[in-house]
Each structure stands twice: as C-alpha cells, then as structure tokens.
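S.K.: Generate coordinates for the entire structure from the input sequences, incorporating the hints supplied.
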Amino acid sequence: MKYVFVEEKKHNKQEHREKAVLDTSALLIDNAIEYLQRYHCYTISEVIDEVRTIRHKACVEALLDLKILEVMEPSEEYVKTVLKIAKATGDVAALSKTDIKILALALQLKDQNANPMLLTDDYTVQNLASHFKIAYQSLKTRSIKKRIKWRYRCIACNNVYDEHLEECPVCGHKLKREVARYEDL
1 MKYVFVEEKK HNKQEHREKA VLDTSALLID NAIEYLQRYH CYTISEVIDE VRTIRHKACV
61 EALLDLKILE VMEPSEEYVK TVLKIAKATG DVAALSKTDI KILALALQLK DQNANPMLLT
121 DDYTVQNLAS HFKIAYQSLK TRSIKKRIKW RYRCIACNNV YDEHLEECPV CGHKLKREVA
181 RYEDL
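In terms of the numbering used here, the sequence shown has 130 at position 130, counting the first letter as 1, and numbering is strictly consecutive.
Derived from the structure by calculation, the hints contain no laboratory data.
These numbers come from a predicted model, not from an experiment.
It cannot be assumed that every hint is accurate.
[As the list claims (entries may be wrong)] Cross-link-like lysine-lysine pairs, in silico, DSBU-like; alpha carbons within 35 Å at most:
1) K87 to K57
2) K57 to K174
3) K176 to K149
4) K146 to K110
5) K84 to K133
6) K133 to K67
7) K146 to K19
8) K176 to K84
9) K87 to K133
10) K176 to K133
11) K19 to K87
12) K84 to K140
13) K145 to K84
14) K149 to K84
15) K146 to K97
16) K80 to K19
17) K140 to K176
18) K176 to K67
19) K174 to K80
20) K110 to K80
21) K67 to K84
22) K110 to K149
23) K140 to K110
24) K176 to K97
25) K133 to K57
26) K149 to K133
27) K19 to K174
28) K140 to K174
29) K133 to K97
30) K67 to K174
31) K57 to K140
32) K67 to K149
33) K87 to K174
34) K19 to K84
35) K84 to K57
[As the list claims (entries may be wrong)] Derived Cβ-Cβ restraints for the label pairs, each shown as a range:
36) N31 to A135: 17 to 23 Å
37) I54 to C157: 49 to 55 Å
38) N31 to D111: 29 to 35 Å
39) V160 to D65: 25 to 31 Å
40) K80 to E166: 15 to 21 Å
No residue lacks a Cβ here, since even glycine has one placed at the ideal position from N, Cα and C.
M.R.: And the structure:
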C-alpha cells in the first residue's frame, strides 16, 4: 500500500509543475537538466533535431527518460494562426519553420489552459509571443522590453509596406525590414 501512495504522490508532483515550451536555446544551457526539472517541458521534433553535440543530445535523452520533456506537434490550425499574425506584425521574414511551430505549440497549450512559459533567447519569437500574450523568458540574454511592429521599405523606390512581401510590387526590388513602432508590453 505504501508503494502505491509513493507513486501517486510522484504523479501528482509532475502534474503541478509549471509548463514550459522549449526552443533549442533552452536545451543548450549549462545544467539544463537541473534547471528544467522544475517544469513539465514540451518541444517539437525539429528542436530535438537542432541539438547536435553529444553532450547536449545526452541531456535531451535524460530529460526524455525522466519524463521532464515531452515532444509534441502543434495542430496545423495553430501553425496557420501564428503565420497569419507573424505576417501582420512583420515578424514572418525573421522566423524559421521551427520558430513558427514552437510558437504554435505554446499557443495551443495556452488555449488548452496549460499556461506555458516559452523558454527562448530568440527576440523575434519573444516579440511574437507577446502578441499572443504567451509568457516568455530568456535564458542567456535579456528578454525584450518592448514589442516591435515591423514594416518593409523598398531599397529602390522607397515605398513602404506593413506586411512582408518578397519584392516591391511597384518596382520589383528587394524590401528591407525596419521598425514601424515600439509598443509597451
């Protein structure tokens, strides 16, 4: 009977840990296992694939074995939502597919009342997370203090566009990303 009680207690402890969604940078910090054990962590397979060194791969394996880390894929609906907002904010050009899926997973968990903390050093990911009201935290750098709304200026004709385009619809030249405005968080 005592054994069952211990197992139930351990299971309940895991359920009450804060949730975290991990970008690659969270798996590359020193003492990642020690730091991340306070969370129930989620990430996507692309993040696991970005971990290259033997030391960091061993860390990922340990986190998976200890059931601290769980690999999940966000639904396509959330990926589309992130892409739509990223285009509107001007962040889309600076986001990788992995970044978009990490944000989609954090948004999906948030919508499922999981209240996750997004652990990332990527400023563009943090910027977009702030639009979704997803909590975020940097690990090796300072977190962003203001949100940025981007715009795109043609390098030839100087026309300005609020959303990302591959080229200027007027003259066909490349567009350069620039700050449209800063917003308080």
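S.K.: Determine for every hint whether it applies to the structure shown.
M.R.: Results of checking the hints against the structure:
1. K87 to K57: Distance of about 34 Å is within 35 Å: holds.
2. K57 to K174: Outside the cut-off at roughly 39 Å; violated.
3. K176 to K149: The given pair, whose Cα atoms are some 14 Å apart, holds under the 35 Å limit.
4. K146 to K110: holds (22 Å)
5. K84 to K133: Satisfied, since the Cα-Cα distance of roughly 16 Å is no more than 35 Å.
6. K133 to K67: Holds: K133 and K67 sit about 27 Å apart, inside 35 Å.
7. K146 to K19: holds (24 Å)
8. K176 to K84: Satisfied, since the Cα-Cα distance of roughly 20 Å is no more than 35 Å.
9. K87 to K133: Answer holds: K87 to K133 is near 17 Å, not above 35 Å.
10. K176 to K133: holds (27 Å)
11. K19 to K87: holds (27 Å)
12. K84 to K140: Distance of about 29 Å is within 35 Å: holds.
13. K145 to K84: holds (23 Å)
14. K149 to K84: holds (14 Å)
15. K146 to K97: holds (24 Å)
16. K80 to K19: holds (23 Å)
17. K140 to K176: holds (28 Å)
18. K176 to K67: violated (44 Å)
19. K174 to K80: holds (25 Å)
20. K110 to K80: holds (16 Å)
21. K67 to K84: Answer holds: K67 to K84 is near 33 Å, not above 35 Å.
22. K110 to K149: Between K110 and K149 the Cα gap is close to 23 Å, so the pair holds against 35 Å.
23. K140 to K110: holds (24 Å)
24. K176 to K97: Roughly 21 Å separates the two Cα atoms, so the pair holds.
25. K133 to K57: holds (31 Å)
26. K149 to K133: OK: K149 and K133 at ~15 Å, within 35 Å.
27. K19 to K174: violated (41 Å)
28. K140 to K174: holds (33 Å)
29. K133 to K97: Roughly 21 Å between the alpha carbons, so the hint for K133 and K97 holds.
30. K67 to K174: Violated. K67 to K174 sits at ~47 Å, over the 35 Å cutoff.
31. K57 to K140: Given pair K57, K140 holds - Cα atoms ~19 Å apart, limit 35 Å.
32. K67 to K149: Between K67 and K149 the Cα gap is close to 38 Å, so the pair fails against 35 Å, i.e. violated.
33. K87 to K174: holds (17 Å)
34. K19 to K84: holds (25 Å)
35. K84 to K57: holds (33 Å)
36. N31 to A135: 17 to 23 Å: holds (22 Å)
37. I54 to C157: 49 to 55 Å: holds (51 Å)
38. N31 to D111: 29 to 35 Å: holds (32 Å)
39. V160 to D65: 25 to 31 Å: violated (52 Å)
40. K80 to E166: 15 to 21 Å: holds (19 Å)
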